[in-house]
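S.K.: Sequence:
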Amino acid sequence: MRLLKYEENGDITVISFNDNTIPPYAILSHTWGADTEEVTFVDLQNGDGKNKPGYRKIRFCGQQAQQDSLQYFWVDTCCINKSDKAELSLAIQSMFGWYQNATKCYAYLPDVSVRGCISSSTPSNYTWESAFKSSRWFKRGWTLQELIAPCIVEFFSEEWEKLGDKVSLKSFIRETTGIPHKALARAPLSQFSVPERLRWKGDRETKREEDAWYSMSGIFDVEIAPAYSEGAASAFGRLMDEIHTQERCIQDVRHTDPRDDKRRIEDTKGGLLVDSYRWVLDNTTFQQWQQDPHSRLLWVKGDPGKGKTMLLCGIVDELHTSMPSTTLLSYFFCQATDSRINSATAVLRGLLYMLIVQQPSLILHVRKKHDHAGKTLFEDANAWVVLIEIWADVLQDPSLRTAYMIIDALDECVTDLPRLLEFVAKQSSASSRVKWIVSSRNWPEIEAQLERAGHKAKLSLELNAQSVAAAVAVFIQRKVDQLAQEKQYRADVRHAVLQHLTSNANDTFLWVALVCQELRVTANRHVLKKLALFPPGLDALYKRMMQQMRSSIEDVEPPNSDLLAASRYPCIYWIDHLCDSKPKSWAEGVCDLQVAAVSVFLQKKYLYWLEGLSLCKSVGRGVVSMTKLWSLVQELGDQEGLTQLVQDARRFIMYHKGAIEGYPLQTYASALLFSPTGSMIRQLFQHEEPEGINVRPTLSNGWSACLQTLEGHSGPVSSVAFSPDSMQLASASDDRTVKIWDASSGATVKIWDASSGACLQTLEGHSSYVSSVAFSPVSSVAFSPDSMQLASASYDRTVKIWDASSGASSASYDRTVKIWDASSGACLQTLEGHSEYVSSVAFSPDSMQLASASGDRTVKIWDASSGTCLQTLEGHSDYVNSVAFSPDSTQLASASYDRAVKIWDASSGACLQTLKGHSDYVSSVAFSPDSMQLASASGNRTVKIWDASSGACLQTLEGYSRSVSSAELISILALRHSAKIITKPQESVRQEATISSDNIWVSDNVQKLWLPTEYRPVSAAVSGRCVGVGTGSGKVWICCFK
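With positions in the sequence shown counted from 1, the corresponding number in our numbering is that position plus 2.
Hints were generated in silico from the structure; no laboratory data involved. Be aware that a few hints might be false.
As the list claims (entries may be wrong) - Cβ-Cβ distance ranges computed for the label pairs, FRET-style:
#1 Lys460 / Ala227: 47 to 55 Å
#2 Cys955 / His322: 34 to 42 Å
#3 Arg176 / Asp113: 17 to 25 Å
#4 Arg342 / Ala472: 28 to 36 Å
#5 Lys460 / His183: 40 to 48 Å
#6 Ser324 / Thr916: 29 to 37 Å
#7 Arg522 / Pro718: 42 to 50 Å
#8 His183 / Asp494: 51 to 59 Å
#9 Ala432 / Trp34: 17 to 25 Å
#10 Ser297 / Lys87: 28 to 36 Å
#11 Met325 / Thr916: 40 to 48 Å
#12 Lys460 / Thr339: 41 to 49 Å
#13 Ala498 / Ser192: 49 to 57 Å
As the structure is a prediction and not an experimental result, all values here were calculated from the model. Beta carbons: idealized from backbone N, C-alpha and C, even for Gly.
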């Protein structure tokens, strides 16, 4: 980093520093004039530039720094050699950190003058405050990070008069920028959502369009190398990709959130009592550790039940309230009984997670390895080795801020405790900026390891028995007061309980807690008798508790006999034998007998055969067999009835494979109820449909275009591709695997089949999410080469195979809208006109028009056949996220980052309504089927229902676990309409219907119904024994149990 020094003779010199030797410095924030006006690095090197207008700013900055006792200062125009592209790229990525580390930042506003201004307390049409709020400085892209990053920002007028700082002027700044006071006060930016931070950009402009997004990288603590000429859309896309990658990395580091563990522990122990730990704050050992810069490690030790955990909870709270906002606080609470938090790797992950949440720039040390390995980096056998390397880099990072590391209950670290002790002993001396507190029981092995640490201190609870006894006495008083109030004790009972606890506690918090827990469930008349049964001290109490425990039952061994051995082979392979035994030319009589036998079997026994296949774990093989039978019947010719029956039976097993394979009895429930009403198999076995469901889902007459749903990925599926012969399908997923689905293999080889759904093979090795797959030499496309099938990948972790027949439109970051023919793959129209990325498109119900929403804050309506832009709708003040036509095609709704929903006249373009009320950006919007209501979903996971004609908010729905899509909003609106059906009075309702937490089952606690993927709810309504379900595709279905 280069810094400037203002010499006594008025000269300015340039001095270079290594990252670890940078002295305190001031930094200038300003708006650039013309390139010819600004002083460059080359100018200073050559001794030129003093006559340039920009030199005045530099001289002022140096003089002001001297007044503030700062020897060095930094100005971007002349401290960066912009002719060196590599240096410029590194400077852009380092800029936020340079401003963040500056002692002071001087913001120079040449368009704000105090000359002749009247005090703001006097009425005037012009004051410097109004000029301040309208200053060009607030409209430039780079000044956003220059406002937020530094601890101190002082504003100066054209005359170099100080106007104030970002604390004294925070109200003006908030009014001008919309940035919360907390963000201006350097609260961790991770506290603010991505959409909220994006809104801070506002209308800021940059000379180069890409800089609009490069200047935001520091706000999100990510690094993107500048690539000028890529365009703003590409820069924005790269920024968002980097943000999402970093978020995934943080999620993968997180094994638990220690902040939640702390709250849970405090709640479990009855709350944190300030008087039970306050004594430690005045303890000389603790104060010496806190105040002495050479004292790095404090070991709090004591016997079980002495209150070590709650003591550390109190220390955490005190440090959090008293330390500067820039100081880091990371802690972890071990618990031997919880496998999530009882290992050395869990401790390091928990501490690391809290560090990078508070200082996200440290995540670069994690991403060096995580970008290649993914979450398995922290979970495989090498996790400890990797974490040690990451921690070494973090603790040696020059940018690491002052930090406190706290680990409670080392003795409860069940796995790799010696490793953890070695780590603490070594790293507690590694960085002067980090102080450590650990607690444990008085174990010799722990003491032996910690003795190796330098600059350590011990705080023994036994040696502070008087302080601990006083804290226990306060704890007893509080617990007895709670019991007396809750149980309505008489005065003599309360006194007896208080005396017994005080006399027998042996200064042990845990003993008091256990006795009070028992008294809480003891009847008042038995309290005194119960008290006498509690022996003093923990050891005696534990012995009594063990005597009361019952012995466990013996393990029951399952039977080894294979009950299906005799029937397995014919059940699986009868169709294979039928096909193999077919002579070149069947005799007519033999053929008729065979056809009749097959027909009777399918009409009478088909469902029972499917159940048998499920019990034999061979449903996948059954799909292959039905495909063979279908081919055989087609060869015979003149068997139209049998051909239709076999084809329907084949579609039946393919569609319901998941339900039949996992739950054999769902063959007679889910498989029948969720088959088309015109299905021959459903009609033949109608008598097997469950009698306990009297209102059943209404389905179409024929099978849908979806041939099969292949489930098995543990993460969202991002890409699919058919092989050239259409026999195999590959799918790529965020679970870092590629699965091959092959039509000709068996289920035993673990290869997944595109026709049967059996898993053929799983190819592992990716360290992050997989975004695309393709068979060579065919590129990564979703259509099969014969154009008869289409594969789709979904974030519901499934792959679906479809019949290809319909058209679609697409939105893109390249600012265009494209209309495609799905059967030919040809692009029918490319609609250009937006100046920013296109975020959403929607066809009108009559397919005559297409609406598009864009980051340029407009909505455009196009003629779908000619591509002509019919209307440009302006009115939103931020990016437009979603558009939707009303079912009658007369109105259009739009949702925006400006937290508003607008309803437009589709023909005239007039704005009919502006619906306000969301507290966060609006992500999606949809009309009800009758066009009378409108639903909108917000980034804060709420949905609002509006009256489309009046604009009144009818209802706010909360509790969603993620943002709601437009298709899901259609389901929610339809469910509101359907509520009249499912909420009719129920007679003698004893049990209510329920939907399982994973949305796979509907049940009335007696009968269970498995749901195919396309019928699973994104929203639902339950009344008595009736369930209404809205699906992700917008469909709604209802069923009622008897």
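S.K.: Hint by hint, say whether it matches the structure.
M.R.: Do the hints match the structure? See the list:
A C-beta distance of roughly 49 Å is found between Lys460 and Ala227, which places it inside the suggested range of 47 to 55 Å. Checked against the hint of 34 to 42 Å, the C-beta distance between Cys955 and His322 comes to roughly 39 Å, which is consistent with it. Restraint check, Arg176 to Asp113: a C-beta distance of roughly 20 Å satisfies the suggested window 17 to 25 Å. Between Arg342 and Ala472, the C-beta spacing of about 35 Å keeps the proposed range 28 to 36 Å intact.
For the pair Lys460 and His183, the beta carbons lie near 43 Å from each other, so the given range of 40 to 48 Å is met. Separated by about 47 Å at the C-beta atoms, Ser324 and Thr916 break the suggested range of 29 to 37 Å. Separated by about 47 Å at the C-beta atoms, Arg522 and Pro718 satisfy the suggested range of 42 to 50 Å. About 56 Å separates the C-beta atoms of His183 and Asp494, a value consistent with the hinted range of 51 to 59 Å.
For the hinted restraint 17 to 25 Å between Ala432 and Trp34, the CB-CB distance of approximately 43 Å leaves it violated. Distance hint check for Ser297 and Lys87: the Cβ-Cβ separation is about 48 Å, which falls outside the suggested range of 28 to 36 Å. The beta-carbon spacing between Met325 and Thr916, approximately 45 Å, falls within the hinted interval of 40 to 48 Å. Distance hint for Lys460 and Thr339: a CB-CB separation of about 27 Å, inconsistent with the stated range 41 to 49 Å.
Ala498 and Ser192 have their C-beta atoms about 53 Å apart, which keeps the hinted 49 to 57 Å range intact.
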